[in-house]
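Chemist: In case you want the letters, here they are:
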Amino acid sequence: MSDTESRSSSLLTWLIDPLRPTADSAPDAFTFTGDRRSWLVPVALGLALLAISALGWLVDPSRFYVSYLIGWTFCLTISIGALFFLFFNHLTKAGWSIVVNRINESLLWGFPMLAVLFIPVLFGMDDLYKWTNPELYIEGGPKYDVLIAGKAPYLNTPFWGIRMGLYFVIWSVLSYRLYTLSVTQDVTGDPEIMSKLRSTSAWGLPLTAITVAFASYDIIMSTDAHWYSTIFGIYLFAGAMLALLATMVIIGTSLQRSGMLTDTITPEHYHDLGKYLFGFTVFWAYIAFSQYLLIWYAGIPEVTIFYRHRLEHAWEWHSAMLILFHFAVPFLLLLPQITKRIPVVLGILAVWLFGMHWFDLHWNVMPNLFTDGGFHWVDFTTWLGLLGLFMGAAIYRLSRHALVPHRHPYLQESMHFENV
Amino acid sequence: MDNRTEHSEGPNGHDNFHERPRLVKGGLTFNDITELVSYHAERKTPKAWFAAFAVASSGAVLLLAMLAYQVYNGVGVWGNNQPVAWGWPIVNFVFWVGIGHAGTLISAILFLFRQQWRTSINRAAEAMTIFAVICALIFPTFHVGRVWAIYWTLPIPNQMEMWPQFKSPLLWDVFAVSSYFLVSLIFWYVGMVPDLATFRDRAKGFFRKRILGFLSLGWTGANRHWRNYEKAYLLLAGLATPLVLSVHSVVSFDFAVSILPGWHTTIFPPYFVAGAIFSGFAMVVTLLVITRKIYSLENLITIDHLEKMNVIILVTGTIVGFAYITEFFMAWYSGLEYEQYAFLNRAFGPYAWAYWIMMTCNLVTPQLFWFKKLRRSIPVMFTLSIFVNIGMWFERFVITITSLHRDFLPSSWGYYTPTMVDVLTFVGTFGLFFTLFLLFLRFIPIVAMAEVKTALPESDPHHYEGDGQVASTRGRDVPYIKPSQGYQSYRGGSQSTPLSDDDENSSAA
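First to last, the sequence lines map onto chains A and B.
Its first residue numbered 1, the first sequence is counted upward by one per residue in full-length UniProt numbering.
Its first residue numbered 1, the second sequence is counted upward by one per residue in full-length UniProt numbering.
Be a bit skeptical, because a hint or two may be false.
BS3-like, lysine-lysine: derived pairs with alpha carbons at most 30 angstroms apart [as the list claims (entries may be wrong)]:
| no. | chain 1 | residue 1 | chain 2 | residue 2 |
| --- | --- | --- | --- | --- |
| 1 | B | K204 | B | K44 |
| 2 | B | K231 | B | K209 |
| 3 | B | K372 | B | K453 |
| 4 | B | K209 | A | K93 |
| 5 | B | K372 | A | K196 |
| 6 | B | K308 | B | K453 |
| 7 | B | K231 | A | K93 |
| 8 | A | K143 | A | K196 |
| 9 | A | K93 | B | K308 |
| 10 | A | K93 | B | K372 |
| 11 | B | K308 | B | K372 |
| 12 | B | K453 | B | K293 |
| 13 | B | K293 | B | K372 |
| 14 | B | K231 | A | K275 |
| 15 | B | K453 | B | K231 |
| 16 | B | K47 | B | K293 |
| 17 | B | K293 | B | K308 |
| 18 | A | K275 | B | K373 |
| 19 | B | K44 | B | K453 |
| 20 | B | K293 | B | K373 |
| 21 | A | K130 | A | K196 |
| 22 | B | K373 | B | K308 |
| 23 | B | K47 | A | K275 |
| 24 | A | K275 | A | K93 |
| 25 | B | K209 | B | K47 |
| 26 | B | K293 | B | K204 |
| 27 | A | K196 | B | K308 |
| 28 | B | K373 | A | K196 |
| 29 | B | K47 | B | K204 |
| 30 | B | K209 | B | K453 |
| 31 | B | K373 | A | K93 |
| 32 | B | K308 | B | K231 |
| 33 | B | K204 | A | K93 |
| 34 | B | K44 | B | K209 |
| 35 | B | K453 | B | K204 |
| 36 | B | K293 | B | K44 |
Computed far set for chain A versus chain B, every beta-carbon distance over 10 angstroms [said to hold, decoys possible]:
| no. | residue |
| --- | --- |
| 37 | L15 |
| 38 | S38 |
| 39 | E139 |
| 40 | L181 |
If you are wondering where the hints come from, they were derived from the structure by calculation, not from laboratory data.
Don't be surprised by glycine CBs; every beta carbon is placed ideally from N, CA and C.
Using the sequences provided together with the hints, build the complete structure.
Modeler: Following this line, the structure appears as C-alpha cells:
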C-alpha cells in the first residue's frame with residue numbers, strides 16, 4: 001500500500017482521517033460493528049451545543065472565549081496524552097497494550113481538527129491574553145508594565161502564532177507517522193513497522209516534551225503574564241496523561257458494552273489501565289502539591305499571586321474540591337485491585353477523573369481572568385460541544401479501521417496478557 | 001516481558017526485533033545459576049579481594065579520622081564561609097542520596113512495571129542504595145556545628161518541652177532519608193531470604209550453617225511461603241516507589257522552599273528525582289561493568305541489561321537537560337533581575353568552569369547513547385557513566401554554591417574554596433562505600449538467584465510441551481562459562497570462553 005493511494009481524497013476527510021478505510025481487511029472480531037449513529041450523534045450534539053455557546057458569545061464574549069479555550073485545551077490534552085502513551089509503549093516494547101493501542105491511535109489524529117477549532121480563540125486574543133494590549137509596552141504611558149514589556153521578545157502575537165503553528169506541525173507529523181504506520185501494518189503485516197514506530201517515538205518523545213512544555217506556557221500560563229512556574233509544563237503533562245487514560249477506559253468500556261472486542265480487552269488490561277490511572281493521579285497530585293508548597297512556602301509576591309486568586313472570592317471552594325476529588329477520592333478508590341478489574345467500576349472512575357481534569361483546567365485558567373469563583377453555563381456548553389466533535393471524529397476513525405492492530409507481532413501476547 | 005514467544009538468537013546473541021530477547025544468555029540452567037552465584041561466596045577469599053578491601057577500608061578510616069578532626073575542631077575546618085554556608089557536605093549529601101535512588105528504581109519501580117530484566121541487577125543495585133544512603137546520612141549529621149545535639153531534631157518528649165520545627169525541610173530530610181534507609185533495608189532483606197536459604201542448604205561449615213539458618217528465617221520455599229512472599233514484595237515495591245520519589249523531592253525542597261534566586265523554582269522536585277535516577281544508574285553501570293567481569297557473570301548481567309540501563313541514563317539525562325532549558329528560559333521570562341543574574345552568573349561568572357563541566361557531562365555526553373553501537377560498548381558506557389557522575393556532582397555543586405555566593409546584596413558576595421578536610425572527607429565516603437560494597441560481594445548472593453530463575457523460559461509452565469522434553473533447546477549452542485571452568489579452577493581472573501557478544505572487550509575491568 002503506497003502512500004499516495006492510502007491517502008484520503010478531500011481536505012475535510014483528511015482533517016478527520018488521513019487514510020482510506022481499511023476495516024475490510026480486519027478479522028470479524030476486530031471490526032467496528034456500530035452504525036453511523038455512533039459518531040453522528042456525538043458530532044450532532046457537539047454542533048448543537050456549540051450553537052448554543054454562540055449565544056453565550058453574544059451575551060458575554062469574554063467569558064465565552066475563556067470557556068472555549070478551556071474546552072479546547074481539554075481536547076488538546078487528550079491528544080497530547082495519546083502521543084505520550086504511544087511513545088512510552090513503543091519505546092518499551094510493551095506487550096500488554098497492543099489491544100488498546102488502536103483506541104489510542106484514534107484519539108491521536110485530533111491535532112489537525114483542533115488547529116481548525118483554534119480559530120475562534122484568535123478572535124478572542126485580547127480577552128484571553130492581556131499582554132496583547134499595546135499600551136502595556138509604551139514606556140512612560142499610564143499602563144506601562146515593566147515586567148510584561150520585558151517579555152515582549154517572547155510574548156508578542158506574531159511570534160506566539162508562529163510557535164503555535166510549529167507545535168501543531170510537529171504534533172501532527174508525529175501523529176501522522178504513528179497512526180498511518182500502525183494502520184498500514186494492518187494491511188501489509190510488515191513486522192519491520194515496529195522498528196519504525198520505535199524510532200519515531202525515540203526522537204518524538206523529547207521533541208514532544210519540549211513543545212508541550214512551551215505550549216503550556218503559551219496557552220495557559222500566559223493568561224496571567226506576570227506569573228511563572230517552571231513545573232507548569234509537567235503539570236500539564238500529568239493532566240494530559242490522566243485525561244487520555246480516562247478517555248481510553250471510557251471508549252474501551254463503551255465498545256465492549258456495544259458488543260465489540262468482548263473477548264479481546266480483558267480485566268487484565270483494565271487492571272493495567274487502572275494502575276496507570278492511579279499512578280498519574282498520584283503523579284498529578286505530586287506535581288500540583290510541589291508547585292503549591294514551594295510557592296506558598298517562599299511567599300514571593302510575584303508568584304504567590306497565582307494562589308491568592310485561587311484562595312479567595314469563592315475560588316477557595318474550587319481549590320478544596322480539587323484536592324479532595326482530583327486526588328484523595330480517586331486515590332482511595334483506585335487503590336484496591338478490585339476497582340481496577342471491574343470494567344464498569346473503572347469506567348465510572350474514569351468518567352469522574354475525566355470531569356476532574358476539566359475542573360483542573362478551569363481552575364487553572366478562569367481565576368486569572370474572572371475574580372469571582374463559580375461556573376457559567378457557557379463553560380459547560382463549549383466544553384461538551386468541542387468534546388462532542390472531538391470524540392465523534394475519534395469514533396469515526398475507529399469505525400474506518402480495525403479496532404486492534406491485528407497484525408502486530410505482539411498481538412497474541414497482548415491477548416493472553418496476565419497480571420502476574 | 002513474557003517468555004511465551006519463541007526465541008531465535010541471531011548473530012551476536014541479538015534477537016530479531018520483535019522477539020523478546022533471552023534474559024539469561026549462554027543457556028544456563030537452574031543449577032548453573034545457583035552454582036555461578038554461590039561459588040563466589042563459598043570459596044576461599046581471593047587475595048585480590050583483600051587487596052581491594054585494604055584500599056577501601058583505608059578510605060573508611062580516613063573518613064573517620066576527618067570526622068573526628070572536624071568534630072574536635074569545629075566546622076570551621078571546612079571551606080564554608082558566610083555567604084556560602086552550605087558547601088561540599090551538602091553537595092556530597094545530595095550526591096550520595098541521588099546515587100541511592102537507582103537501586104530503588106530498579107527494584108521497586110521496574111518491578112511494578114513487570115520488567116524482568118531487573119532480576120539480574122536488583123540485588124547489587126539495592127546494596128548500592130543502602131551503602132550510598134549510609135554515606136549520605138553522614139553529611140547532614142556532621143555538618144551541624146554541634147553534632148552531639150543532633151538528637152534534638154527528633155520529636156522526643158523532653159524536660160525542655162521543646163519540639164523540632166516541622167516546617168523545616170531539613171527536618172523532613174531526617175524523616176525522609178531515615179525511613180528511606182529502613183524501607184530499603186527491609187526490601188533488600190526480604191528479597192534476599194530465598195537466596196540465603198539456598199546458601200544455607202549448601203553450607204558446609206557448622207557456623208556458616210547456623211548463621212545462614214538464622215538469617216534465612218526458616219524459609220523452605222513452600223507454596224504458602226512464596227504466596228506471602230510475593231504479596232509482601234509487591235506491597236513493599238508499591239510503598240517504596242512513592243517513597244523514593246518523595247525522598248529526593250524532600251531533598252530538593254531544602255533548596256526550593258528558600259527565596260534564593262537559583263534555588264527557588266518549582267521544577268526542582270521532579271528534576272532532582274530525574275537527576276538522582278540519572279546519576280544512580282550511572283553508578284550502577286560503573287560498578288556492574290567491573291563486577292560482571294571479575295565474577296564472570298556475563299551470562300546473567302548481559303550486554304542487553306547494560307544497554308537498557310544506558311537507555312534509562314539517556315532518558316533521564318534528557319529530562320535533566322529539559323529542566324536546564326526550562327530553568328534558563330523561566331529565569332529570563334520571570335523578568336526578575338535577581339533570577340536572571342543568578343543564571344548569567346552560573347554560565348559566565350567565577351564558577352563558569354563548574355557550570356560548563358556540568359553541562360558537558362550531563363547534557364552532551366549521554367546523548368552519545370542514541371547510537372546503538374555506543375550503548376552496547378563496554379568501554380564507552382564505562383567512561384560515560386564516570387562522566388555522568390562527575391557531571392551530577394557538579395550539578396549539585398553549581399546549584400548550591402553559585403546560588404549562594406552571589407545573591408541579593410552585592411556587599412555579601414563571596415567565593416568558596418574547599419579545604420583539604422572537605423576533599424578528604426568526600427574521598428573517605430567513597431572508601432566507606434566500597435568497603436561495604438566489597439563485603440556485600442563477598443558474603444551475599446550478588447544476583448537474586450530465585451528471581452532470575454523465574455525469568456528463564458524453563459520456568460514457564462508452558463515450556464515443556466507435555467512430553468517431558470524441553471520444547472526449545474535453542475540458545476544452548478552458545479558457548480558459556482562452564483561450571484567446570486568457573487567453579488573449580490578459578491584463579492582470580494576470568495578464564496571464561498568469550499561471550500558471543502562480539503562487541504564486548506575486556507578493557508573494561
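Chemist: Could you run down the list of hints and mark each one as holding or not?
Modeler: Now for the hints, and whether the structure bears them out:
1. K204/B with K44/B: 13 angstroms, holds
2. K231/B with K209/B: This hinted pair holds, its Cα atoms lying about 28 angstroms apart.
3. K372/B with K453/B: 28 angstroms, holds
4. K209/B with K93/A: 44 angstroms, violated
5. K372/B with K196/A: Holds, at about 15 angstroms.
6. K308/B with K453/B: 20 angstroms, holds
7. K231/B with K93/A: Given that 30 angstroms is the threshold and the Cα spacing comes to 26 angstroms, the pair holds.
8. K143/A with K196/A: 54 angstroms, violated
9. K93/A with K308/B: 12 angstroms, holds
10. K93/A with K372/B: 16 angstroms, holds
11. K308/B with K372/B: Answer holds: K308/B to K372/B is near 11 angstroms, not above 30 angstroms.
12. K453/B with K293/B: OK: K453/B and K293/B at ~21 angstroms, within 30 angstroms.
13. K293/B with K372/B: OK: K293/B and K372/B at ~21 angstroms, within 30 angstroms.
14. K231/B with K275/A: At roughly 16 angstroms apart (the allowed maximum being 30 angstroms), K275/A and K231/B satisfy the hint.
15. K453/B with K231/B: Since the Cα atoms of K453/B and K231/B sit roughly 18 angstroms apart, the hinted pair holds (cutoff 30 angstroms).
16. K47/B with K293/B: 17 angstroms, holds
17. K293/B with K308/B: 18 angstroms, holds
18. K275/A with K373/B: It is violated: about 35 angstroms lies between the C-alpha atoms, which goes past 30 angstroms.
19. K44/B with K453/B: 26 angstroms, holds
20. K293/B with K373/B: 20 angstroms, holds
21. K130/A with K196/A: Given pair K130/A, K196/A is violated - Cα atoms ~44 angstroms apart, limit 30 angstroms.
22. K373/B with K308/B: 13 angstroms, holds
23. K47/B with K275/A: Violated, at about 50 angstroms.
24. K275/A with K93/A: 18 angstroms, holds
25. K209/B with K47/B: 25 angstroms, holds
26. K293/B with K204/B: Holds - the C-alpha atoms of K204/B and K293/B are around 27 angstroms apart, at most 30 angstroms.
27. K196/A with K308/B: 19 angstroms, holds
28. K373/B with K196/A: Roughly 18 angstroms separates the two Cα atoms, so the pair holds.
29. K47/B with K204/B: 22 angstroms, holds
30. K209/B with K453/B: 24 angstroms, holds
31. K373/B with K93/A: Given that 30 angstroms is the threshold and the Cα spacing comes to 19 angstroms, the pair holds.
32. K308/B with K231/B: 27 angstroms, holds
33. K204/B with K93/A: Given pair K204/B, K93/A is violated - Cα atoms ~45 angstroms apart, limit 30 angstroms.
34. K44/B with K209/B: With a Cα-Cα distance of about 16 angstroms, the restraint between K44/B and K209/B holds, given a limit of 30 angstroms.
35. K453/B with K204/B: 24 angstroms, holds
36. K293/B with K44/B: Given pair K293/B, K44/B holds - Cα atoms ~19 angstroms apart, limit 30 angstroms.
37. L15: Non-interface label on L15/A holds, nearest chain B Cβ at 31 angstroms vs cutoff 10 angstroms.
38. S38: 33 angstroms, holds
39. E139: 15 angstroms, holds
40. L181: Consistent with the label, L181/A stays out of reach of chain B, its closest Cβ about 14 angstroms off (over 10 angstroms).
Hints 4, 8, 18, 21, 23, 33 from the earlier list are contradicted by this structure; the remaining hints agree with it.
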